[in-house]
Structures are given as structure tokens and as C-alpha cells.
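S.K.: For reference, the chains in residue letters:
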Amino acid sequence: MIEFITGPLSHPFFAHALLASTGIAAACGLASYFLVLRAQVFTADALSHVAFTGAMAALAFGVDLRLGLFATTIAIAVLMGSLGRRGLADDVVIGNVFAWILGLGVLFLAIYTADRSTANGSAGITVLFGSIFGISGSAAMIAAVIGIGVCLLLVVIARPLLFSTLDPDVAGARRVPVRLLGLVFLALVGASAAEASQVVGALMLLGLLAAPGATALRLTSRPYPAIGLSLLIGVLDAWIGLALSYAIPVLPPSFTIVGVATVAYAAAFAGTAVRNAMADSRQRAPRPAATIEV
Amino acid sequence: MILADAVVGPSWNLLADIQELWSFPFMVNAFRAGAIVAVAAATMGWFMVLRRQSFAGHTLATVGFPGASGATLLGLSTTAGYFGFCVAAAIVIAAIPRAGRASGAHESAATGIVQAFALGLGFLFVALYKGFLSGIDALLFGTFLGVTSTQVVVLFGVTIAVLVVLAVIGRPLLFASVDPVVAAARGVPVRVLSVVFLVLLGVAVAEASQITGSLLVFALLVMPAATAQALTARPVLGLVLSVLIGVAVTWLGLGVAYYSIYPIGFYVTTFAFAAFAASRLVRLGGRNRQSRRRDAATAVPA
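If you read the protein sequences in the order shown, they are chains A and B. Letter 222 of the first sequence, counting from 1, is numbered 219 in my numbering, and no numbers are missing. Letter 182 of the second sequence, counting from 1, is numbered 1379 in my numbering, and no numbers are missing.
Warning: the hint list may mix true and false statements.
Derived list of chain A stretches under chain B, where covered just means 3 residues or more per stretch with a C-beta under 8 Å from a C-beta of chain B [what the hints assert, rightly or not]:
1. 41 to 54
2. 101 to 109
3. 119 to 130
4. 136 to 142
5. 210 to 222
6. 244 to 253
7. 257 to 269
Keep in mind the hints are simulated off the structure, nothing from the lab. The beta carbon of each residue, even a glycine, is placed where N, CA and C say it ideally should be.
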């Protein structure tokens, strides 16, 4: 049994992946609760393409990849927020902006592959689909620290952010800085997106940035338990996903993590549907036996 | 650095350049396929933008990727994979319940999860099919060059079918999109229409992704349509404008990409985004001139 746990951990690549993805998944889990509650999942979707372009731009111009990722996702997240009222952007504007940014990403990919014809032809694929098992010890440490930092900042702004999400008018009247909070939140989402693209890849960000929050919101409507649950689900998705990928090496870790997150959401969805149906039938009972036909 | 001499520059004599472009059968096919795909995407995109379903549209677009890679893995035709997955995903998205209080948030979260899972599945298929990695760029970012004549015929047939269905349901769909509550009260089957619309969108996206790739098809869906809606609120004019812009940016992108070493996807999205940005500026200018007089009456339903 102990062998079962220490076995994988004795491999540095697995320990590094576990460390990085725990910090990252915790940050994404927290952020995802607010993203779903604020109906900003499409913004996160847009960031998945922005992350690709940021990383490709960094590669094309020979800048540090992480710098490119963080700078672009945070900048574009704040830009999209500032285009709309109250830090919530119009979805048509979001769609147009990220479609174009993806076009830029394709350009940078072309520049990069034309420029450095050495063995790195699959760099674009790595950025798009992630390679958590390839993360180095120092990179894993940085990822974990940034993840914890994002978590702490989110916890600090959680109360006013919740207030301004649930009732922006009253919050505004109470002098809560609704717009500023929206922008700060988006900057944190940008940072989480940059982090998450190192685990599941740029394209599958939503597996970490939408699924945990949506699952938690299905399970409970009380805010603080849901926030905790969202974080927990995010971390568990990552852990189970990594373990599965370790046990079955054909399955890439980004697929297993997103797969586990999807299954968790589907289970919560089905569970609440069954519970609601049972509550419904209990309300309608007592039914005359004659109406139940076999 | 970049091998600039590998590319023959344009002569800047427009007619001669076009003649040269069209002297290659593969370029003629690319122009045909581009136009066919742009017409379908721009038309469906106009309704998508009107219905504020960009997220659903983008999700359907990405679902083409696991469809194509899964079909390759199983040795089936990628065309079947595209259509099968996109239509199935359209039905799944349509089945996501909308009732309840915070339905908007739940709906978009569920859509996002469908998208992430689909992309994960696509990556799994690619990982399982080892020799495939070189083709992945074409699946994601498209390939206009290498479109066969049979493919053009198939694409043409699908576009016609999409347009015919759209012509049949166009009026009630417009009504249901602009004002679902009143439409439902008048007996328009709003729910059925929204399912049919999503399936149709899935078909159009599956068709277009075969040329543009799964990631860039969204640009053809949203950009011409958003540009047209910024310029006019009248449905027929808007649809015509959307189609014209879609075909124009595609052809322009193809033409420029032929003389450039950079990919077509970059040019098409850049031209389309420029059109969108310009339309927004035109609208802002128009607003200022007309002041608020007729604005309320003619504003795009938003």
C-alpha cells in the first residue's frame, strides 16, 4: 500500500508534476467558482487561445516562455474586462478579439518553426496540449508558489467579490469597488490560465477553469462551502488524473485530468438531477395508485 | 532567417496576378472551397451572433478536432468524423437544460466542459495514433492547399443543404432569436428551433473546419457576422453583407498568403478583424452624427 504511493513519488518527474499541478489546480479551482458564478466562462475560453499566442510569441522572439504566457493572458484578460461595463465584456467582442489573437498565434507558430528548423517542430503541440510530466524541479516550485499566491489573493478579495457578483448594484451603493474588483479578478484569472496551460495545455484550460466551480455549484448553493469544495475538486481532479496517467501510460496526463474533471461534473449533474426528481415526486405524492401504469 | 527568395512576389498587376493564381488547379479549388465554406459560415454565424451563442459555436468548432483525429485513428474518413462529432456535440449542447435561476452560468459552464473534454479526447486520439503528429497542425489550423475537386463538390452540396434548411426555418428562427418570449406566445416552437439551429450550426462548422481547421473556423463564423451586425440591423441586408465580407476576407487571405511565407489563417483573421474594427468605428461615428434621434429604433438587437 505504501509502495503504491511512494512508488510514483520516487520518480522526480512525477513528484514535480504533482507539486506543480497541486498549486495550479488549487488556484484554478478557486478562480473557477467565481468564473462560473459570474458567467465568465467564455472569457476563460478566450484566454485559452490567448495563452497559445503568448507562448508562441515568446518562443518566436526567444523570450522566456513563462513570461510570454503570463504577460499576454493577464494583459488580454484585463483588456477584455475593461472593454465592457463592470468588468464584464460583450461576448461578440471577446469572440472577435480572440479569433484574431489566435490568428496571430498561427503567425508566431510559423515564424518559430521557420526560424528554428531544429528538432522543435512539436513545440506548438506542447503549448496547446500541455506536458506536465516534462516540468523541471525549479519550474514546478515556481508554479506552486504562483498558484498559492493566486489562491491567497483570491481569498483576500473573496468576500467583496462575492458581494459584487451576486448584487452589483447594492455592492456599488455600499462603495464596494465593483469594476476594480472585476478587473483584479480577471487579472488573477489570467494568471491562473497561464499556470493551467502548463498542466493541461492552452486548449484545455476550461477543464481546470470551468469544471471544478461548476461541479461545486451543482453540489451546494451556499457560497463559502462551494468555494472550498471547488478548490478541493480542482486539486482532486489533478491528483486522480496524474495517478491515472501514471498507471496507464498510454493516456496523456492532460487528457486524464480533464477527463476526471468532466466525469466529476457529469456525476454531480446526474446526482442533482436524480435528487431533484425524487424531491419532485415526493412533493407530488400521495399519488393515486391507478395512475401508475406498468 | 526566413527564405524570402523561395516566394515569388506579386507583379502588382492585379489581373495578371489573379490569372497566375488561378492557373494552378489547387489554387482554383482553394478559392472555390474557401468561398463555399465562407458562405455557410457567414450565414450561420449571422444567426449565431444574433442569438448570442458564440460560445456554443466555438465549442462546436473545437469538437471537429476529436472527430477528425478519432476517424483517422479508426481508419474512417475524416469527413465522417467531423460531421459525426459536431452534430453529436450540437445535440449534447442543445440538451443542456436552461431552466432554473442561474441557468446562464450553468449552461456556459457545461458548454465549456464539453469543449475541454472534446479537446482532451482529440489529444488522446492523436497520442494513440503515433504517426499522426505531423498532421495535427492541419487539423487545428487548416489547409486550403490540397482541397480536391470531389471535396469541393461535397462542400457545395452541404452548403446548399444548410442554406435550404435555413431558408425554410429562417423567419420563425429570426423571430425566436430576437424575442423568444413573444415568439413562444405566438406559437413558434422556440425550443425545437434552437435544437435545429444548433445542429445546423454543427453541420456548417464541420464542413468549414475541413478547410479552415478546428481552431480558425470560429473566425469565419463570428467576424463577418459581427461586422455586418455592427453596420446594419436589417436581416436580409445583414446576411448579404456578412456573406460578402466572409468571402472577401477569405479570398483576400488566400491571395495574399500565396505570395507570402506566412499562413493563410493569420491573413484571413487579420483582414476580418480589421473589417470588424472598422465597422465598430463607423458605427461610433454614425452614432455621434445622428445623435440619439433614430438610434433606439434601429439599434442592433443586443
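S.K.: Please name the hints from earlier in the document that this structure breaks, with their numbers sorted from lowest to highest.
M.R.: Violated hint (a single one): 4; every other hint is consistent with the structure.
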